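Visitor: Work the whole structure out from these sequences, hints included.
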Amino acid sequence: MTKNKKVKRKISFPHMGTISYAWAAALRIIGCEPYIEPYTSKKALSLGTKHAPEAICLPYKLILGNFIEAIEGGADYVAMITSPGCCRLGEYGKCIENALNDLGYHTKYLELQLYDGIKGLYDFLKAASGKNNPILFTRAILVAILKVFELDRLESLLSYYRAREIKHGDAEKHYKKALKIIDENDTIWGLKKSRKLVDAEMKQVEINPNKEVLHVDITGEIYVVNDEFSNQGIEKELGRMGVEVRRSLTVSSFLKDAIIPKAFRKGETHLQRADRLAKPYLMRDIGGDALECVSDVAYADERGIDGIIHLSPFTCMPEIMSQNIFPAMRENCEIPILPLILDEQTGRAGYITRIEAFVDLMRRRKRKQKIAQQDSEAKKETADTTQ
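My numbering puts the first residue of the sequence shown at 22, with every later residue one more than the last.
FYI, nobody ran anything at the bench for these hints, they're computed from the structure. None of the values given here were measured: they were computed from a predicted structure. It is possible that some hints are incorrect.
Below, in silico cross-link-like pairs of lysine-lysine (BS3-like), each with a Cα-Cα straight-line distance of 27 angstroms or less [stated by the list, open to error]:
hint	residue 1	residue 2
1	K140	K115
2	K257	K188
3	K140	K29
4	K194	K213
5	K31	K129
6	K64	K115
7	K198	K213
8	K188	K224
9	K257	K194
10	K224	K198
11	K140	K287
12	K257	K224
13	K197	K31
14	K257	K198
15	K147	K115
16	K283	K140
The calculated label-pair distances, taken between Cβ atoms and stated as ranges, are [stated by the list, open to error]:
hint	residue 1	residue 2	range
17	D137	R375	37 to 43 angstroms
18	E377	S62	21 to 27 angstroms
19	G254	R49	25 to 31 angstroms
20	D405	E377	41 to 47 angstroms
21	F335	P59	20 to 26 angstroms
Each residue gets a CB set at the ideal place from its N, CA and C atoms; glycine is no exception.
Guide: Below, the structure written as structure tokens:
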């Protein structure tokens, strides 16, 4: 008589860009089954909006929609992140748990305390697996962190190639293959080897190295910055217009601030830079990513970036505050800023029109600066010759 095979716990988590690949790796290592529902869609948005408070922000509605789809798909547990501070994220957990219970879904609910560092991750894996294995959990945490950094590096490569590709869609095609390479490696050694394979895959994109490319930083609330559905594929649209995008807020930069111990950090973290650069305009943290957003404008201007786009969910108070600080920064920062507010009512046509107008503005400004620089150099050469 054979023993019954132990059924693995099916655990789901909300989508936010490519973070599901890191979550899934950690859960597989500890012996759980990651349940990855379909990527966020209009269906998930509709479900979340229907059962969420009207004035709550877009990320809440999308996360709730993700969880409803996951539970209906057979997930045993749903996992949510939470944090202290002035942002409503700290209230999301209990609100979502209550909403699911009110809907009759009694799936088990897990929370990950973001600012508890490695201990928070360890406690979460312990609750998710029902085990207490320090060696196994350490490996799972390391692999998940390494994957996050590799995924963010891949996103940067995609942005570089997408802005210069000769055949539209070529960079996206090779990106998906590279993403699969990272997903298939759940060991530290495997991830180190996969870096060369990822680079080789992306180098197959045929590009025009002499193309006039604009450089834009994207900042704002971390969820909408990193989630393609909620920001309506803004990076893809900008790439089509010949713009290379850099995300100021990434999951890897967040890990450096909240999870990775100080002894293992290299260089200045995003929060440390925010404390340094935002002080002339914002003296303290007011919740969410407001402090980082204000500093990101100053940092982009310092580096001579062509423009910066600020993305925020409708009703997000910290981002409303940061947007109101931007005009005061114009005295010291000449960089063009485009604020975009997102919710379920955001129309795509008008949204794209605003982005196209902003790109045209940056391109004209850059060419004007180039002509002014050439005139200045010509005058200098003439003056040197006459002397």
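Visitor: Of all the hints numbered above, which does this structure not satisfy? Sort the numbers upward.
Guide: none
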